[in-house]
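Residue numbers (the numbering used here), protein chains in the order written: chain A, 1 to 43; chain B, 1 to 160.
Treat the hints as calculated values from the structure; they're not laboratory data. A virtual CB, placed ideally from N, CA and C, is assigned to each residue, including glycine. Warning: the hint list may mix true and false statements.
Cβ pair distances, simulated, as ranges [stated by the list, open to error]:
id: 1; chain 1: A; residue 1: N21; chain 2: B; residue 2: G70; range: 37 to 43 Å
id: 2; chain 1: B; residue 1: V24; chain 2: A; residue 2: R34; range: 20 to 26 Å
id: 3; chain 1: A; residue 1: A5; chain 2: B; residue 2: V71; range: 17 to 23 Å
id: 4; chain 1: A; residue 1: S20; chain 2: B; residue 2: Q80; range: 17 to 23 Å
Below are the chains, spelled out letter by letter.
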Amino acid sequence: MTSGANAKIALDRAFDDLMSNLFSRPDFHDAVGRAAASYVSVQ
Amino acid sequence: MNRIKTLLALTLVALLGSGCAFSVDRIDLGYIPQAGVEQVPGAQDITVDVAVRDVRPQTDRVGYKQNGYGVETAAIVANQDVTTFFEQMLEAELQARGYRIGEGKPAISCEVDSFQNKWQVGMWSGSAIANARMLVKIKDADQNYIYSETITGEGIHKGV
Chain A
1 MTSGANAKIA LDRAFDDLMS NLFSRPDFHD AVGRAAASYV SVQ
Chain B
1 MNRIKTLLAL TLVALLGSGC AFSVDRIDLG YIPQAGVEQV PGAQDITVDV AVRDVRPQTD
61 RVGYKQNGYG VETAAIVANQ DVTTFFEQML EAELQARGYR IGEGKPAISC EVDSFQNKWQ
121 VGMWSGSAIA NARMLVKIKD ADQNYIYSET ITGEGIHKGV
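Using the sequences and the hints given, assemble the complete structure.
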């Protein structure tokens, strides 16, 4: 119950879920691309 | 005699507890980048700037220890700076998909508002439940937000 090691394991799994959730989203990459394109057109 | 035994037992419990449950514990944060990711078409032409802010209510800990009554007894602290850690995770994943990292546009901002471990006490054993949440935003050249999403992750380690 008091182990920090178990907290670390649980946090590691949270990171994995967090990152796969973000980077598997096509809308995220679409937004990065559109934002980048908008800056190019301004210059 | 019974009183003496009870006193002895209580003293033992207190001594055992003070050596573990009442001392601050430190953990190393770790992240293994996702394997086998695909390059995003056009990403090689985009340089992104990643900025992370740690907006958690308590930034001095990532968890806590508790006793058998569920009372918090000591903090669990990360050895790494949480802001830097998130920046490195995000940059590693973006680079793996072909993006370049640097002072460029667009800027991807990320606010970490939850990143902690909690204990759930069961009859015979407990679980470590970690929760991480970040708000990711992207602005276009006109400073309009074109992406704003809250991304969450949960990790559970049973049988503690």
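Results of checking the hints against the structure:
1. A:N21 x B:G70: 37 to 43 Å: violated (30 Å)
2. B:V24 x A:R34: 20 to 26 Å: Given range 20 to 26 Å: violated, Cβ gap about 46 Å.
3. A:A5 x B:V71: 17 to 23 Å: Since the Cβ atoms of A:A5 and B:V71 sit about 21 Å apart, the hinted range of 17 to 23 Å holds.
4. A:S20 x B:Q80: 17 to 23 Å: holds (21 Å)
Comparing the model with each numbered hint stated earlier shows that hints 1 and 2 do not hold.
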